[in-house]
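Peer 1: Read off the chains here:
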Amino acid sequence: MAGGRSELPVWVDVAVIPLLNLLFALVVSGLVVLIIGENPLEAMWIMLKGAVGSLKGWGYLLYYATNFVFTGLAVAIAFHAGLFNIGGEGQAYMAGAGAAVVGLSLEVLPWPIVIPLAIIASMAVGAFWAWVPGVLQVKRGSHIVITTIMFNYIALSLMGYLINYWFRPVGKMAVESREISGAYIMSFREVAREFFDLRLPSTPLNFSVFLAIAAAFAVWYLLWRTKLGYEIRAVGASTDAAVYAGIRPDRIIVITMAISGALAGLMAVNEILGAQHRLVLGFVQGAGFVGIAVALMGRSHPLGIILSAMLFGLLYQGGTELSFAKPDINRDMIVVILGLVVLFMGALEYAFRPWLTALFFRPED
Amino acid sequence: MDLYVEILASTIRYTVPLILACLAGLWSERSGIVDIGLEGKMLFAAFIAASASAVYGSAWIGLILGILASICLALVHGYAAINQRGNQVVSGVGINFLAAGLAIVLGNEWFREGGRTPALSGAQRFMPLSLPDLADVPVIGALVKIFLAHSILTYVAFALVPLTAWALSRTRFGLRLRAVGENPHAVDTAGISVAKLRYMAVIIAGTLCGIAGAFISTSLSSSFVRDITAGMGFMALAALIFANWRAWPALGACLLFGFLQASGTFLQGKHVLGFAIPVQFINMLPYLMTVVLLAGFIGKSIPPKASGLPYVKDR
Numbered sequence: 000m001a002g003g004r005s006e007l008p009v010w011v012d013v014a015v016i017p018l019l020n021l022l023f024a025l026v027v028s029g030l031v032v033l034i035i036g037e038n039p040l041e042a043m044w045i046m047l048k049g050a051v052g053s054l055k056g057w058g059y060l061l062y063y064a065t066n067f068v069f070t071g072l073a074v075a076i077a078f079h080a081g082l083f084n085i086g087g088e089g090q091a092y093m094a095g096a097g098a099a100v101v102g103l104s105l106e107v108l109p110w111p112i113v114i115p116l117a118i119i120a121s122m123a124v125g126a127f128w129a130w131v132p133g134v135l136q137v138k139r140g141s142h143i144v145i146t147t148i149m150f151n152y153i154a155l156s157l158m159g160y161l162i163n164y165w166f167r168p169v170g171k172m173a174v175e176s177r178e179i180s181g182a183y184i185m186s187f188r189e190v191a192r193e194f195f196d197l198r199l200p201s202t203p204l205n206f207s208v209f210l211a212i213a214a215a216f217a218v219w220y221l222l223w224r225t226k227l228g229y230e231i232r233a234v235g236a237s238t239d240a241a242v243y244a245g246i247r248p249d250r251i252i253v254i255t256m257a258i259s260g261a262l263a264g265l266m267a268v269n270e271i272l273g274a275q276h277r278l279v280l281g282f283v284q285g286a287g288f289v290g291i292a293v294a295l296m297g298r299s300h301p302l303g304i305i306l307s308a309m310l311f312g313l314l315y316q317g318g319t320e321l322s323f324a325k326p327d328i329n330r331d332m333i334v335v336i337l338g339l340v341v342l343f344m345g346a347l348e349y350a351f352r353p354w355l356t357a358l359f360f361r362p363e364d
Numbered sequence: 000m001d002l003y004v005e006i007l008a009s010t011i012r013y014t015v016p017l018i019l020a021c022l023a024g025l026w027s028e029r030s031g032i033v034d035i036g037l038e039g040k041m042l043f044a045a046f047i048a049a050s051a052s053a054v055y056g057s058a059w060i061g062l063i064l065g066i067l068a069s070i071c072l073a074l075v076h077g078y079a080a081i082n083q084r085g086n087q088v089v090s091g092v093g094i095n096f097l098a099a100g101l102a103i104v105l106g107n108e109w110f111r112e113g114g115r116t117p118a119l120s121g122a123q124r125f126m127p128l129s130l131p132d133l134a135d136v137p138v139i140g141a142l143v144k145i146f147l148a149h150s151i152l153t154y155v156a157f158a159l160v161p162l163t164a165w166a167l168s169r170t171r172f173g174l175r176l177r178a179v180g181e182n183p184h185a186v187d188t189a190g191i192s193v194a195k196l197r198y199m200a201v202i203i204a205g206t207l208c209g210i211a212g213a214f215i216s217t218s219l220s221s222s223f224v225r226d227i228t229a230g231m232g233f234m235a236l237a238a239l240i241f242a243n244w245r246a247w248p249a250l251g252a253c254l255l256f257g258f259l260q261a262s263g264t265f266l267q268g269k270h271v272l273g274f275a276i277p278v279q280f281i282n283m284l285p286y287l288m289t290v291v292l293l294a295g296f297i298g299k300s301i302p303p304k305a306s307g308l309p310y311v312k313d314r
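Listed in order, the protein sequences are those of chains A and B.
The opening residue of the first sequence carries number 0 in numbering that gives the first Met the number 0; numbering runs sequentially from there.
The opening residue of the second sequence carries number 0 in numbering that gives the first Met the number 0; numbering runs sequentially from there.
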């Protein structure tokens, strides 16, 4: 994409540019805080303290990060194949139905069977919701970006219908399913109280955090240690060259979209089975879109994604604390930062490059 | 009968922001710049228009400032897409985030109502034209209600359809702009600045989104609330594809989608031919139809050739 421009050392590309972009995003957000009439440094300190200054802060940070690792990996693996899956939001939402159906209907079975099945169901439904746009692009030529946007809205209406008319118990006012007791993933707090008689602060952090780490490792292994991963990256780098190497891009696009959707679907495991314990209207709450920022920030590498997911987890938890401490600064400040990160990392990523290149290659060299 | 009149009248109302955003997308994409940020621009304009109107007491000042706010965001998108040759889809996503966040953060700071703006009334809103009360006259009363009882912005929006169609097919500027979206190299060779034309297109798109946003918060409703655009920017994008990137068909597509929105609102909880239609299925239809159309099952949609591609001058 940036032919002839990337003579910079790898560490500049991988670390300096993302950090510089993040810094700029934070400076611009700091200006917004300043306009509001608050002290940006004080605001940042409250955010940091709220997120990493206590066990409870860490619990929420990691719980948010778990969601973002899943949706970030979903966006990233599609990026590697040169695809832009904006549909993580809808894929995760639909996956909630998969998790709930299995969890609610197989209650009679023991949880060691039901939970894995519910996880597989989440992945399968998420995969299906991304697979269809993949097939439509390959077979019918409709663009994945547009189709996945449309699928987000279709999911929104469809889930609204399903939760309202199918999952909601008769006579219940709140638009949500009954408790999914068959696939109840206990939070660390409940585990500690139940089995170790320990008291932990109340956070929704649960075993899904390990699932997120496992997923990140699996994506790394898939992309850089398997034939399929090589083919995915080959298609992303150059479709023509991939064809020449005997790879069928159509097949890779469909498979990659399905994997991407399955990863997004895992978000429902953390949220529905691990935190809410019932299928709730609109539970994704933008995590699918945050995945775009996470993938861009993490340079589409699983390790980078874990780190940037934690960074956004910090922003989410810290932002919540900040809005309590300073009611003038609304929690939506996080959304401003997100937007700036996406703009700087994704659309203006080359803005710093000429400047950095000039720094590294002085004329006399 | 009254229900049908209501549905048709509100079809016209819902169509206004859709057609404005759709024309914005049309101008932008015809020049080769993909615009996912229609939603964000409309939202931010809606917020600024409602705020300015509340503070200054005039819907017109709200409209002008709303347009300016939307143009600012459009210029950010233009800078990313034209100067920086960044990914246009990503830039649009970023703008949607930025707009949604800024509107709530600034609104909360200015009015202390958690992101809402104060309720507007009188000159702070674009009100429907005041006409003699003909509600009792059989056919004419209904027709007046459907077609004439709207605010001035409604007629501006509809007038912009023939204007856009004419400008894009009959004027030198329009023809050049379309050429830039199909084959920028040829336009560059002819000695015309690709960047300048694309910036013009982006600014026009910003202006139209600005009018759409101002209409939503100062005419359709009477204040700004969180997520007030409710996906209309994306529905306009769908309409644009549905219309194959042409102005007159865009009007048709927007009227159709506007009608579906209006029916969804009015048919909620009502029975049609003995069936209770879940409103969710009506809401879903525009998107579903676009997917089916894109898949080539009804006609074929062909986007401008250079759409989404940054222009790099060959040396």
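You may find that some hints are simply not true.
[To be verified] Below are the BS3-like pairs computed for lysine-lysine, each with C-alpha atoms no more than 30 Å apart in a straight line:
id	chain 1	residue 1	chain 2	residue 2
1	A	K48	A	K226
2	A	K138	B	K269
3	B	K312	B	K195
4	B	K312	A	K171
5	A	K48	A	K138
6	B	K144	B	K269
Everything labelled a hint here was simulated from the structure, so no lab data went into it.
Peer 1: State for each hint whether it applies.
Peer 2: How the hints compare with the structure:
no.	hint	result
1	K48(A) <-> K226(A)	violated, 45 Å
2	K138(A) <-> K269(B)	violated, 40 Å
3	K312(B) <-> K195(B)	holds, 14 Å
4	K312(B) <-> K171(A)	violated, 63 Å
5	K48(A) <-> K138(A)	violated, 52 Å
6	K144(B) <-> K269(B)	holds, 22 Å
In summary, the numbered hints that this structure violates are 1, 2, 4 and 5.
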